[in-house]
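Just so you know, the protein sequences line up as chains G and W, in that order.
Per the numbering used here, the very first residue in the first sequence carries number 24; after that it's consecutive.
Per the numbering used here, the very first residue in the second sequence carries number 22; after that it's consecutive.
Hints are computed from structural coordinates only; laboratory data are not their basis.
Fair warning: this is a prediction, and the values are worked out from it, not measured in the lab.
Check each hint, because a few of them may be wrong.
Taking lysine-lysine pairs in the DSS-like style, the calculated list, with each CA pair at most 25 Å apart, reads [stated by the list, open to error]:
| id | chain 1 | residue 1 | chain 2 | residue 2 |
| --- | --- | --- | --- | --- |
| 1 | G | Lys80 | W | Lys22 |
| 2 | W | Lys122 | G | Lys80 |
| 3 | W | Lys117 | G | Lys94 |
| 4 | W | Lys117 | W | Lys22 |
| 5 | G | Lys32 | W | Lys63 |
| 6 | W | Lys63 | W | Lys117 |
Here are the chains, one letter per residue:
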Amino acid sequence: NAGVTQTPKFQVLKTGQSMTLQCAQDMNHNSMYWYRQDPGMGLRLIYYSASEGTTDKGEVPNGYNVSRLNKREFSLRLESAAPSQTSVYFCASSELLAGLYFGPGTRLTVL
Amino acid sequence: KQEVTQIPAALSVPEGENLVLNCSFTDSAIYNLQWFRQDPGKGLTSLLLIQSSQREQTSGRLNASLDKSSGRSTLYIAASQPGDSATYLCAVLDDKIIFGKGTRLHILP
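Using the sequences provided together with the hints, build the complete structure.
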C-alpha cells in the first residue's frame, strides 16, 4: 500500500517549457488535490477533484491545468512555465471519514 | 468563511517537557480535524484525525483533543524529544479543507 505517489521528485525547467506532474493514490479515495507550498505562504490549493470526472479551481489556478484520468490518477500540467511557478508541489487525496493524505512532493525550479 | 489559526507560530522547549500546540477555527460546523507534521524539505505526515463526533484521539506520546463548541483543538506532546522538532499543522475538513499556518517546534537537547 504505497499511499499517494508523485513523479518526478525534482524538476528544473526553462521559462516557457511545459511539463506534467503525475500523482496516483491506491487508497480508493474519491477526492484529490494539488497544492503548492512557498516559504511564508503556507499551503495554497491549485485545483481539486471531488470525484472521478470532475475538477474545480482552487485558490491559485492560473497557469495550471489538471486532468482526473481515473479514480487513482490526478495530473497537473504547466503549459508555459514561469519563474513564479518555482515551488514545491504536493498532491493529496481524501475520503471524508479517512482524512487527508499527502504525497512526498515535487520540487520544481523554473529558470 | 472558515479561518484556522495556530498560535504560537514558533516554540522552543527543553527536551523532556510536555507541551501543547493550539489550533482554533471560526466555524464549528466541521466534519473532521486533522493534525500533520512536516519536517524541513519533506511532505506532510498525518498524525491524528479527529472525527466531529469525537473529543480526542491518541497515538503514542501524542494526544489531540477537539472542542467544536469553542472552536479549539489542542495537540499534546508528552516527554518531548529532539526528534519531535518539526512544523505542526492543523487542518479543518468541512466543505473545504482549511489549513492553519503551522507552529514551528524546536526541542532543545
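Results for each hint:
no.	hint	result
1	Lys80(G) - Lys22(W)	holds, 17 Å
2	Lys122(W) - Lys80(G)	holds, 21 Å
3	Lys117(W) - Lys94(G)	holds, 20 Å
4	Lys117(W) - Lys22(W)	holds, 10 Å
5	Lys32(G) - Lys63(W)	holds, 11 Å
6	Lys63(W) - Lys117(W)	holds, 24 Å
Consistency with the previously given hints is maintained throughout, with no hint failing.
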